[in-house]
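Since the structure of chain A is provided, determine the placement of chain B on it from the hints.
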Amino acid sequence: MKTGAALLIDSLKEEGVKVIFGYPGGSVLPVYDELYDSDLRHILVRHEQAAVHAADGYARASGKVGVCLSTSGPGACNLVSGIATANMDSVPVVALTGQVPTGMLGNDAFQESDITGITMPVTKHNYLVKDAKEIKRVVSSAFHIAGTGRKGPVLIDLPKDVLTQAVDPKDVLSKDAELRGYKPTLKGHSRQIKKALDMIYEAKKPLVYAGGGVISSGASEELKEFAELFCIPVTTTLMGLGAIPCDHPLNLGMLGMHGTEYANYAVTECDLLIAVGARFDDRVTGNIKYFAPNAKIIHMDIDPAEIGKNVCPDVPIVGDAKLVLSELCKMAEKKGCFCEPWVKQVKTWRENHPLAIADDGKLHPQYVIRKLSEILDSGGIIVSEVGQNQMWAAQHYGFRRPRQWISSGGLGTMGFGFPAAIGACFAKPGETVVVIAGDGSFQMNIQELGTVAQYEVPLKMVILDNMYLGMVRQWQELFYDRRYSYTELPPVDFVGIAKAYGIKGMLVDSVKEVEPALRKAVDYEGPYLLDFRIEREENVFPMVPAGAAISEMIGKHCKNAGEP
Amino acid sequence: MNQHILSVLVENKSGVLARVSGLFSRRGFNIESLAVGTCETPDMSRITIVVDGDDTHIEQVKKQLNKLIDVIKITDITENEHVERELSLIKVHADPGIQRSEIMQVAGIFRANIIDVSQKALVLEITGDSEKILAIKDLLEPYGIIELVRTGRVALQRG
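Protein chains in written order, with my numbering: chain A, 1 to 564; chain B, 565 to 723.
Hints are not guaranteed to be accurate.
[Said to hold, decoys possible] Below, in silico cross-link-like pairs of lysine to any residue (SDA-like), each with a Cα-Cα straight-line distance of 25 Å or less:
| no. | chain 1 | residue 1 | chain 2 | residue 2 |
| --- | --- | --- | --- | --- |
| 1 | B | 631 | A | 150 |
| 2 | B | 626 | A | 288 |
| 3 | B | 626 | A | 120 |
| 4 | B | 631 | A | 192 |
| 5 | B | 631 | A | 311 |
To be clear, the hints were calculated from the coordinates, so they are not data collected in a lab.
Only chain A is shown next, with the shape it has when bound in the complex (with noise of 0.2 Å):
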């Protein structure tokens, strides 16, 4: 006989799960005390909603899926805005929650809550489990959900009498369930595909727009196989960054809001655009009226539902990036770069309006992201919180490859940067890992320098610290005259905290002390933390606001950063 939480540790093994981020409660006492003597390595966080977090980053870095475990209710609860980040982003996690036992369920019973009602909208699918008879099947399916077709995550509730129920080995269901409603479609319609071809042909001044699908599907090495075939230049969403490496010479960097200007205007003056895993989310698009107004559009995505939800494409394809961009590429007949005074116009944009920053001799955040690029040689994994921090580290900094760059998209979860970093560090034990921070995302899940004292997790903890909150001020600066309500926050001795924690630290407030910093802090085995005290009123430009087309964007040229 064994026990539905003998059951789960055996089914999550059986999914290859090695680590585990969780913090424990009443009702998942069962699966505690089964991991007691597991090998499963289980990593105590200080608060369930870093437990999801680390499982995300862990997720994101690692290409595997994710796994948390928190108690019921309130344990539950916590983890919902981890679960709706990953949803957002297409992460594959799997939340395993303790329940009230069966009996009690729906009494309002001591620390419960409905948590598949409450995650219903914000998991791909999730379960209650009533009879442990059912865990290896639940598990495997909820696996398989999660890391297959559009990624994302599942959620396993998990009452506590089905925990320590006892049942018969050989009354446990097999795990090949057989999910008749799900069948992602993995291939593209060659139909489709020659149809997007022969636009292609057609095309004079061709772009490709890659998002995050392109990371997630593994489909890096054929996008890059693809542009190269037909030279057409690359812009990627903040969730496609590392897709082509920053120095590929058809690399045009982010487009959006915080984009860069020549990609910004190659959009608007493309004549075709090509989507690759890429939703046309409102802070790429600016208003939607001026987005690529002259541009006929081949939408590739996994998902169908995001094809036709924002812009009606002339060629959908669904289908998994990889697997369609190798097709293309495949059933190209003419090649070669047939398109060369489009991409010299490219270039020239790129040489006339370069993302600068300013040599005032003040100490502002791009320049510290542009030396952390150099002293890494635009390696390691670099995961930024939210805000002003996340632009600038995607716009600074060099990414070369893919699930090098973590940060929370569609959510704009704050908060979300320091728990992922120690995922991501679990994940990919030899890498640097650096989380790129702001003093107000920072404090939001401060309490994991415990987590990281704890496990000596060797990350370094860089914060640009201008004691606002960073990215809501420049909009009250720019858009509210700029009356700062309540964005305003006192200083921290964020140094003394890490000691406080038995971690090292370091202050830095001048230009000349940034390098010898970052390389001590690289240098260093253990974890480190770097409080940069930055031009506090620095903005991040160049900037399309709300409502206006991707073209009008302000703080252009900015060979001073700071001014717009």
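Leaving out everything else, chain B in the frame of chain A:
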């Protein structure tokens, strides 16, 4: 704006209806009518959803529904030949005498059944398309409709 009838085959599990209806409210799709019950095989249910919207809107409704793991198949039967019915129970004020016999005549014309009689009221059962139900409702209104309940439309493709 057209009215579409979607016949949605789903797993017969608890919570599936909540997933479907939750999706509609979350995405701002308005359900005109919804009827659900088990179907030819006990492990599946068929939901008939009537929804208003233009083609793009309906396309998005179908695609989003298709993403639900428990949804097995969606058929938009609006354009195909189909039969549809709705059942309604109407409790109407009916004093014994002329008023009562007039109501019974109306019921006869509409082939409605009188399924309950009391001192002051009759309960009529009527089956048909929505127009027929609205027509009898209009005719009965002057007598005083006390309560009315509709099942929502169910539909099947012909052939």
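Cross-check of the supplied hints:
| no. | hint | verdict |
| --- | --- | --- |
| 1 | 631(B) <-> 150(A) | 10 Å, holds |
| 2 | 626(B) <-> 288(A) | 23 Å, holds |
| 3 | 626(B) <-> 120(A) | 18 Å, holds |
| 4 | 631(B) <-> 192(A) | 22 Å, holds |
| 5 | 631(B) <-> 311(A) | 19 Å, holds |
No hint from the list above goes unmet by this structure.
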